[in-house]
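Could you build the full structure based on these sequences and the hints that come with them?
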Amino acid sequence: MTFPNINNDQAFMWAYKFNVDGSNILDSSDISVNNSNEIQWVHVCYDATDAIEQLQSFDLDSSVIEALTADETRPRTISLNEGILMVLRGINTNHNADPEDMISVRIWFTKNFVITTRRMGRKLFSIDQIRQTFIQPNQPIDTGDFVTLLVEKLADEIGKMVDVIDEELTIFETNMIDIPQTEMRTRLATTRRQTASIRRYLAPQRDALESLNRMQAILSDENTFDLRQQTDRTMRYVEDLDLARERAIFLQEELRNKISEQQNKRMYVLSIVTAIFLPLSFLTGVFGMNVGGLPGTENGDAFLILLSTMSLLALAITGIMYWKKWV
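Just so you know, we're using the numbering used here here: the sequence shown kicks off at 1161 and counts up by one.
Rather than coming from a laboratory, the hints here were simulated on the basis of the structure. We treat Cβ as the ideally placed atom computed from N, Cα and C, and that holds for glycine. Some hints could be false.
[Claimed, not checked] Below, simulated PhoX-like cross-link-like pairs (lysine-lysine); rule was C-alpha separation at most 20 Å, straight line:
1) K1313 with K1283
2) K1485 with K1425
3) K1425 with K1484
[To be verified] Now the in silico label distances, taken between C-beta atoms and shown as ranges:
4) K1418 with N1241: 57 to 67 Å
5) M1375 with N1194: 19 to 29 Å
6) I1295 with K1418: 47 to 57 Å
7) Y1428 with L1473: 19 to 29 Å
8) N1179 with R1345: 49 to 59 Å
9) T1293 with I1331: 29 to 39 Å
10) Q1216 with G1281: 17 to 27 Å
11) S1420 with T1293: 49 to 59 Å
12) G1281 with S1239: 25 to 35 Å
13) W1483 with D1323: 55 to 65 Å
14) N1194 with T1253: 33 to 43 Å
15) V1324 with K1485: 47 to 57 Å
Here's what the structure looks like:
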């Protein structure tokens, strides 16, 4: 199978019809929501200039179109016009993109029709993976299988990102002494930001999947079982991110303690040096005054006597510090 050409200026991206016998590419003019003979999947960019017009051509209700083209969304699942609307988030794997900048994908499906929408320029790897399955024998055969596969692919990418965060924190924990402090602070801050951003959407996504599990009208028992598995995975990832956040906070506290300890050691050394040289500085200040009456000005050995006295004084002060166990 060859993929259709995609016009980046139009809302319509691609469409397929599929069943137990295989799948075929559809043109936008061949799509019909009410076709009960085969299952159809349409993928659309919701922010294209002709997005509303394109969705209206599929005979969608205005409430469905509004939900599929909303600018701001959070993961959720609702029953809408004899179908189910889902809003999910996936890891951003686009080039030079931040993984925690999760991409929103909206899915509306009935028994025989699936439509997915996303923003232009924000390709979702999980959608492309599903598209690849249409040239393989194990492709979806109904809408329940399609939705289950999409949720699984999204969870796979989230799981990879959670593993990356876990490995990064493990490196911090085992090599804290060897990693430069500036690099450590930067990487820890990045990890905490990624953890917080992903968890922000993953927690409601878990709730959205739990809501989908309770909607039995379209999904088969096998689909429901598989979705429960993916819900459990998502819940585990939320728990892993909570743990990662706690680990990152602990590591930042350890790093602050390490920096504070180093600063205290440096200040302690400076205090010792100051304590030793302060009396010596006093003596040099006194005997360096250019006034009459200073002792030793007529004695040729006065310099050696003063130098010896200062050396003995420095040794005495150092000895007292060792005796007091200050050094």
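Right, here's what the structure says about each hint:
1. Taken as a hint, the K1313 and K1283 pair is honoured in the structure, with Cα atoms around 14 Å apart against an allowance of 20 Å.
2. For the hint linking K1485 to K1425, the alpha-carbon distance of about 15 Å falls within 20 Å, and the restraint holds.
3. Taking the CA atoms of K1425 and K1484, the gap is near 18 Å; set against the 20 Å cutoff, the hint holds.
4. Under the hint 57 to 67 Å, the C-beta atoms of K1418 and N1241, about 59 Å apart, fit the expected range.
5. Checked against the given bound of 19 to 29 Å, the beta carbons of M1375 and N1194, roughly 21 Å apart, stay inside it.
6. Between I1295 and K1418 the Cβ separation comes to about 54 Å, which falls inside the hinted range of 47 to 57 Å.
7. In this structure the hint that Y1428 and L1473 lie 19 to 29 Å apart at CB holds, the actual value being about 21 Å.
8. The beta-carbon spacing between N1179 and R1345, approximately 56 Å, falls within the hinted interval of 49 to 59 Å.
9. The hinted range of 29 to 39 Å is satisfied by T1293 and I1331, whose Cβ atoms lie roughly 35 Å apart.
10. Here the CB-CB span from Q1216 to G1281 is close to 23 Å, well matched to the stated 17 to 27 Å.
11. Between S1420 and T1293 the CB atoms are about 54 Å apart, so this pair conforms to the stated range of 49 to 59 Å.
12. At about 31 Å, the CB distance of G1281 to S1239 agrees with the hint of 25 to 35 Å.
13. A beta carbon spacing of about 56 Å between W1483 and D1323 agrees with the range 55 to 65 Å that was offered as a hint.
14. In this structure the supplied range 33 to 43 Å holds for N1194 paired with T1253, their Cβ-Cβ distance being about 36 Å.
15. Taking 47 to 57 Å as the suggested C-beta distance range, the pair V1324 and K1485 conforms, at roughly 48 Å.
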